[in-house]
Each structure stands twice: as C-alpha cells, then as structure tokens.
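Number of protein chains: 2
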Amino acid sequence: MGMDYSKAKDWILREDSYDHNHLGKTEAIMALGNGYMGLRSAAEEQYLGETRNLLVNGTFNKADDTAVTELPNVPDMTNIDIRINGERFTLDQGEIESYTKELNIRTAELKREIVWTSPLGDKVKLTFYRIVSLKRLHDFAIRIELTPLSGDVSVEMSSGINGQVTNTGAQHFTDGDKRLYDGVYMQFVPVTTQSGITFVVSTCHQFMKDDKEIDVPIEIYMKLRKIYGIFNVDVKQDETLVMEKYCDVYTDRDIDMNGKSQEEMQSIALTELKDMETIGYHALAEESAEEWKEEVWDPVPITIEGNDYDQFAIRFAQYHMRVMVPAHDSRMNIGAKSLTGEGYKGHCFWDTEIFLLPYYMFTQPKVARRLEEYRYLSLPGAHAKAAANGYSGAMYPWESAWLDDGEVTPEFLDVDVVTGRPNKVWTGFIEQHITSDVAFGVWQYYMITGDQDYMDKCGYELIFDTARFWVSRLETKCRQIKETLDPETNEIVLTETDTEDGLYHICDVVGPDEYKEHKTDNAFTNYMAVWNIKTAIQYYEDLKAGHPKIFERLNERLQLDQYY
Amino acid sequence: MGMDYSKAKDWILREDSYDHNHLGKTEAIMALGNGYMGLRSAAEEQYLGETRNLLVNGTFNKADDTAVTELPNVPDMTNIDIRINGERFTLDQGEIESYTKELNIRTAELKREIVWTSPLGDKVKLTFYRIVSLKRLHDFAIRIELTPLSGDVSVEMSSGINGQVTNTGAQHFTDGDKRLYDGVYMQFVPVTTQSGITFVVSTCHQFMKDDKEIDVPIEIYMKLRKIYGIFNVDVKQDETLVMEKYCDVYTDRDIDMNGKSQEEMQSIALTELKDMETIGYHALAEESAEEWKEEVWDPVPITIEGNDYDQFAIRFAQYHMRVMVPAHDSRMNIGAKSLTGEGYKGHCFWDTEIFLLPYYMFTQPKVARRLEEYRYLSLPGAHAKAAANGYSGAMYPWESAWLDDGEVTPEFLDVDVVTGRPNKVWTGFIEQHITSDVAFGVWQYYMITGDQDYMDKCGYELIFDTARFWVSRLETKCRQIKETLDPETNEIVLTETDTEDGLYHICDVVGPDEYKEHKTDNAFTNYMAVWNIKTAIQYYEDLKAGHPKIFERLNERLQLDQYY
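Here the protein sequences come in this chain order: A and B.
Each residue of the first sequence is one higher than the last, beginning at 42 in the numbering used here.
Each residue of the second sequence is one higher than the last, beginning at 42 in the numbering used here.
Chain A on its own, in the form it takes in the complex (with noise of 0.2 Å):
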C-alpha cells in the first residue's frame, strides 16, 4: 500500500503513493502527539473516509446515558480546503504528479509533498509541514507552501475550527461561545455534555509570500459549532504563498489550568497563540524537535544490531511510547489505540502493566511511576466495581478512563450472526485478571525502580487491597457455564452446574485468550490470583516487623489483621 522504508535510515516513514482506499493507515501509524493530546494525521484536504481526530488525554465524556464514557473527538483545525483557480484541491481529481507523505520521527514532524495539475489544467506544487509541540502541550501548528507551475493562479483556502465533527456519530460537546478577536484570532469554547469540561479551542492564520508577511483579508463565518475564515490570495507563477496556522488546545481539566477562571484560559490561549505567530512554524518545529532529542533520543538511544529497517522499527515504537503517555499529569494513563484514534475510547487496559510499563521502568521511571499513580488515585473506582459485584476490597475496571469512572467497557459490540442481536462484551463483567494485573505491575514498578516513596505513599495499598478483592471473589463450588442457543427465543442462555471439592475455585471469567469466555479455574487467572494473595501476605508480614509505622496505617484502613 506504498509504504516505503527506504528512508528508515535517515529515520523516516513514508508513503509514496495516495490510495483512497486505506487512508486510515497513515492517519494511525503516522499520528502526532505530546501525551497531553494526540493528533490524527488526516490530510489537510477532506476525503471520504477519512478520520479526523484531536483527542486530549483524560477529557472523558459520556455521549449519553446508555453510553460508556469516552475521549471527545476535539473541534478540528488541520482540515484547510484549498481552492485553485476556483477548483478544489483533492488528490481525488486531477493528475498526480508526485506524492510523498512523510513522518520524521527523530523530530516529529509530518510532511507532505505533492505535485498536482487541477481538472482546470492548472499545475501546482504543495508542501504541508505539521507538529503538535512536545515543547508547548496545548500547541500545533500547520504551515503550508504553494507554488504555481503552469501560471498564475487565483488560491482560496477556507480554514478555522469545526465543531460538528462528532465521535462516530457522538456529539460530546454543547455549541460554545464563539468569538474573533482582532478580525484574526478565533476561539470556541464548547463543553462537554456530561463532564462538563469546558475546552477552549483557539486558532490564528499568518500568509507569506516568498517568506515575506502579506496581509490576506478575511471573510469570516460563524455557522453551528464553527468558526472559519476564506482567505483569497492571487499567486504568480514560481512565486510560493506561504500559510502557516497556529492552533492551541486547552481545558479546564488541565493540570496546569487548575485553579483558572475560563476568561483566565481565553487569555492564556489568545497570548499562546500570538506568542507562536511570533516565533514562527519553522522555529517552533525545532524547539519542539529539541525536546525530543532531550527527552527521547538521547536519553534512552537504544540500538538494535541488524538493519536499517530493524533499528528504525525501535525507534518508530519509541516514538509512538512518547506520543502516547501522559508524562505530565498521573490522572490520567494509556489508552488502548493511544491518541491516534477514536477505537477503544482512550480507555486503558491491562496493556499499560504488560506491554508498556517495561519500556518506561527501564527508560523513565518518572513517567512509569505516574502510570503507577493512576492506578492508586483511581481505587475509588476499583472499589465502585467491587462493590457492586458484591466483592471487597479493589477490583479494577477491565477498560479504565476518569479515576471515578470504575468500570466502563461497553456491554455490546458488533452482530452475533446466529441471534441477529448484538454480541454480549464479557470483559467488562468477568475479565478479573486485570486486578491481579494491576497489582503485579505495582511489583515489577518497585523491583525495577526500588522507588520505596511510591511503595509507602501506594503499592503496598493497592496490593493489599486488590489481595481483598481475591479473597472475597474464591468460590468453594466448581461451577461451570454453558452457553447454548435457545431455538424458540433465539437468545442464547446460560446454564451451571456445579460440584464441590473441598477446593476454592475462581468459575466464569475470561482469561487472556478472549475468544473463551465463561471458563472456571484459567490457569493465568488463577495464577496471578494466588500471586496476589501470597504478594499480599509476604508485605503484610514484612511491614508488621519492619515498619510498624505504615503497617498501622494500612491494617486501619484495610483491617488488613481480618485476613492473616
């Protein structure tokens, strides 16, 4: 599908060819980020089956009460519809004469290079640069080159903040207060509809002719949800037009607006904005490559011995583990698809302790360390769940999103073909290794890091308390589920037997192979559960002799002397 590596050297994925076909898959694999907010790398231009995306970690909202909580798709600023001559600029129509779409990931830097003769005749050259700042979290910024080939030509860009965009259909958001300020600046602050977090969402234009700042007037619109300016430029030919577009995200849910008023974050955003027109799309793009040299590639400069492709197979994952993490706020953790898209909802599962937790233990504890704290400031959620399950102690959530949330996997997905209904999602009831999941990742945090602050502060806590949930979750029946499909409702029912050994048993769960659902006694669910418990008992008894002090603490809150 035109992917091509041989720039994997210079650290670079390209695409070398534009298939309408698979538009998705640049828009993931070359998605940008700065674990604050992750931005979809959908083209500048709209296509049919494009997905256009700007999700800010933590924002969860609930479309509405029969849906679980997810990341809200974010007002878009990256689609700017072009018009050449009075034609519209897509790679759809017209003759192609190159394509290339490039991310850099030594600098985070999206790049497109086209050249394109309109169904007019008319030939034009485009480049499209792209960041989103890991210097400045609530930044991006798009620049754009135009160039005439074959003549003048008469360029208008139509290009502001679209709020109608939606999650798969969902809207999250109220239509906000719009407002221009200064005939330039836009600003929409919409709200999110359960949440109630207010986003303010702000975006200016520079034009430039052969690097020299032009005035281009605007014609400005606010319609439902959106605010955007038609820019009219004429352009000679070999003279290049230069857009560039600044952009800044922020909500009140923010860890560095805590405290701020909403006409506080209006003015911080406008002065983000006035403060990046001033130091420019090329400067801003190196400060922020800065950034990843500093915090990346120099620190953690893993080399893998075998090809070009190899070592730039490291660095691509490393790439996408910085893009992803929520270095600066432990609110908040990983979701199953990151930020480059809308699946999985930004929920976190028990990827970040087995996948992803490894990487950042050896590479940087600090951000390890604020998964880790996510996971002891979300116990109110973990005890929700096991309450309502009948269950003590701290049973987590299988899909995991606001601290509070607990549970919030979706209770169906896509067709059973057989009933025609929709199939049941098991996960979210009967997939209970996460707890143990959660736990052991605590275990390994501490034996890598030796971090006894965060053990004192959380781990021995969250161990001991997800150790109560197993406790209390042992059976003393062997029961075992069978699904069968009733013929005269056509629903599929559940029926038990049962048996008793004298043994404990943990029946109907879903182990790490979801594909078999209601098993009794997995083998890694029972594993981890007995490492839980023992883990448990191992601490209680080393903190009882060794630090009377946290012990008593513990057992006060946990009664942690019922259990011995």
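Think of the hints as simulated: they come from the structure by calculation, not from any bench.
Wrong hints could be hidden among the right ones.
Intra- or inter-copy, both count: the list cannot distinguish identical chains.
[As the list claims (entries may be wrong)] Straight line, CA to CA, 25 Å or less: simulated DSS-like cross-link-like pairs of lysine-lysine:
{"id": "1", "residue 1": "Lys557", "residue 2": "Lys264"}
{"id": "2", "residue 1": "Lys378", "residue 2": "Lys264"}
{"id": "3", "residue 1": "Lys166", "residue 2": "Lys48"}
{"id": "4", "residue 1": "Lys267", "residue 2": "Lys103"}
Chain A is fixed; fit chain B onto it per the hints.
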C-alpha cells in the same frame, strides 16, 4: 449549473451534468416526501459536501440545554456504496459518459441514469430510482440497475442503516437497539435524547438478475449507531443486476402508532417491509403515483397560460406544497424549509398563514384546517411566551415547533464582524406581528371556507386570545431604541429615549423587513394589531348577540367582558 427544462412538458425536472460544487441544489429541489417524512435527494454513493437528510415531521428534539428544538436527522438508508471490481463508484473519478438526474413531479419519482467508466476501465450503466410513497406514509424504496458494458465485473454493495448522521454535528439519538431478523431484515431503534421519541427504522434488500430474484449472501456488521450488510455479486457483460431496497420509519409520536407498544411498532415495521418486498419497487412506485393523481393532480388541475416552463413551475410548486404538508396530523405544521433539509430546524413561521395557507384553503380545505388546528393546539406555547414576557393572552412564537414548545427561535446566528461576537437573533424576542398573522390566517380561512365548525371550536377563541395579547402589549410611552457600539468593551449597547403623547404605541419590534431591528410603531405590526383587536371586538358583539352559548364558554375562559 446543468439544469435542463427541455422536458418540462413531461413534468420532468432534469439536471444534465454532475457538478460537485453544487450538490445541495438538486438534493433540495428534487427532494421527495409525503408530509409525514421528507427525504433529501442526495446520491446513493457518498460525496464530500453532500447533505443527507431524512426528517419526520413533528419529531422535535433538543440536542442539549443550550440548543433549540429541531427535527432530528433520522438514520440514513439512502447511502449505498458500490464497488466495481473493487473500485469505488464515484462521479469524482473515472469517466462520465452520460449523466442525468431527474425528478418526475407527476409520479414523484427520482431517477438517475449514468454511464461511467471506472479508473480501472470498467464501463457500467447505472440507473437509480427512488420514491417516498404517498400511499404508505412510512415507506420509501430505492431500485438500482447495474449493467456492465465492457466485460464481466464483480460488484460489491454496502448498504444498511446509518445512525452516525447528525444535524450539522448535533446528535439527537441514543445508540439504539440493533437487530437482524431472519438474516436479512435490519432494524434500528434509537430514541431522541431529550424528547424521548422512539424511532423504528427498518430496511431490507432484494437482488435480481434480468428481473429474476437471486440469492446474494449478506455479510452483516453492527457498529456504533450502524447496521449494514456487504453484498458481493458477479455480473456478466450486458446482464442487469437489480437491487431493490425497502425502507420504513415509524415513531411512537405518529398518530397512527398511538397506544402501540415498541414491540408492536417493531413488528408492524417488519410486516410492512415484507409487504413492500412482495409488491416490488415498480408497483410501489405506481400506487404512489396513482395517489398523487387522486390527491393532487386530478382535484387541483391548475393550468397556466404561458409556455411549458410556466406550466411546469406551477406544478413544481404544487409538488412541493404536497411534499411538505402534514395532511395526516394537525399536531404539526410546515417548516420554513419544508422537509428538504435542516435549515430553519423544521420550525414554522408566519409563512404558513401568509404564503402557504391560501393555496390549501382554495384547493384542499381539509388540509388547510389541519394547519389552522395546529395553531389552536399550540395555544399553550403562546400562553407560555406571553406570560414569560409579562403579557396576557396568546403571544405566538416567531418560530414554532411542537405544540407546547413555545418560542424556539435560536438566540444567536453567524458573526457580527464589528464586535467579533455572534449576532443576536432578535426575531424570537421582538418580531411580534406573528401573533396577528396567525389570527389573520384563521379569519382568512373562515372567510374562504366558511368552516363554522372550526370557528366555533377554535377560531373565535384564538382571535380573542391574540387580541388580549395586543391589549396587554400596548405602551403609553413612545420609546425609541438606538444601537451603539461601546468602544471600551467592543459590545453593542441599546439605549432608549421616551416621550409621552397620550397615544398608544408598540415599541421595539422587528417588522416584516428583518434588516431593521428595534423599530417603534412599525406600520405592518401596528396595523395588524389594530385589525386583530377590531376583529375580536366585532366577533365579541356578534357572538354575544347571536351565539350566547359559545360566547358564554369563551367569556368564562377569557374574561372577555373585562375588555369591552
């Protein structure tokens, strides 16, 4: 823009070339409907810039607390994506050998006929037919004929029910229940978020080759707010593949679904689908055309002396006058954009009385009566608006939706380029002549039809109640309002001066010229207010003298004697 009136004599409105810059034009003017629902004539295949709308009259919903009520965009069933040997059918790519899009206003059938060569070189002929049945208010149907002209092809069609559509970004529905019955009948049951209206939206597909039914296996998907199937068929050169899609829509607000449970509605919807399937597309189209003949063309055969275009133009108007009018239900009225799109949100304005009512009064008095019953039934909203503004009697909303909604004009629209703020929409606050326009409609209806029954039950009361509003509305001071821009705050400020001259005044209104706001003693407004009061006085005297029973009932309800 490719409109062709050469077939006007044959009642045919035709577009003879495809223009991706002006999709909205034929989507709207060729829209189909039956007063129960309106279906915008977007193409089966998707285009950027299209607006795909299915609106059911009277089913208003508020997207959130900050929005006004509007007709929600019902899950779409018209989108059918077609691939020829894997290549997406779109007029934006490949070669168009011929193209026509026609609305036959006599039969109310939409037809597109296209010969197209795909970018891969496969030439096909495609004909699309579509009707919204006037005979069966809940039903519409689509027929696609596909003939390969340059060799055998494999065809993939993707079709179903898509509830990911929004009203310009506003989502009005929960992600409702989805089901597949008997492996072929798709049903989706979303509920409006605020008004709680349950929709039952159902569809099925039938395939034929050279008019013999064939079995095409369905690959079924249920996604968020979406259920659809993918169908794959091989078609030989010069063979014709036919796909017929039957669709129906029911809601628990429908007058004919009154008292039915959701299960009953779902079952009625499935039975109706099966009926359509048995009848087949062409026979459905014929019975609908016959209904048009009986309801519209035979009883109202307007002849214009002039050319074919003039004759066509009056029939075109008659066509839309039938498409837009809820002849089946007096709890709803005619939206300012009828049912052809989201503009004006399905709200009715004074347009009903001033521009539309005359046609119905003279040609279909029963329909006219329903429109006038709507005004009577919406007195509670008019009372609420009067009370909220400190007046007596019935103050009609400038924009009117469901009976007791009251005023539903949006408060802000588009931008004030001077202040950078959204423009305040003053019509809902101060375009008050609507109240006497409604009274005028009643009087006019009575004058033309002589419908004494309506007057006795509704008409007198409405005229008295609106006159009561005007009496309370009169002011003894003559206030003059001036708009100025405060240079400090960059806000528009209203200042007023007043004088007393011993006369009554109606100050601070918008007259029929909506570009002039905050006017005092607007001629139309004042004249109509006087007319309204005088007409009420006349009826007061007439009734008191000649119809004491009616008079007593109304006098008791409205304390008329107080005013005389």
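Outcome of the hint check:
no. : hint              : in the structure
1   : Lys557 <-> Lys264 : between (50 Å within a copy, 22 Å between copies)
2   : Lys378 <-> Lys264 : between (32 Å within a copy, 17 Å between copies)
3   : Lys166 <-> Lys48  : within (22 Å within a copy, 45 Å between copies)
4   : Lys267 <-> Lys103 : both (22 Å within a copy, 19 Å between copies)
Comparing the model with each earlier hint shows no violations; every hint is respected.
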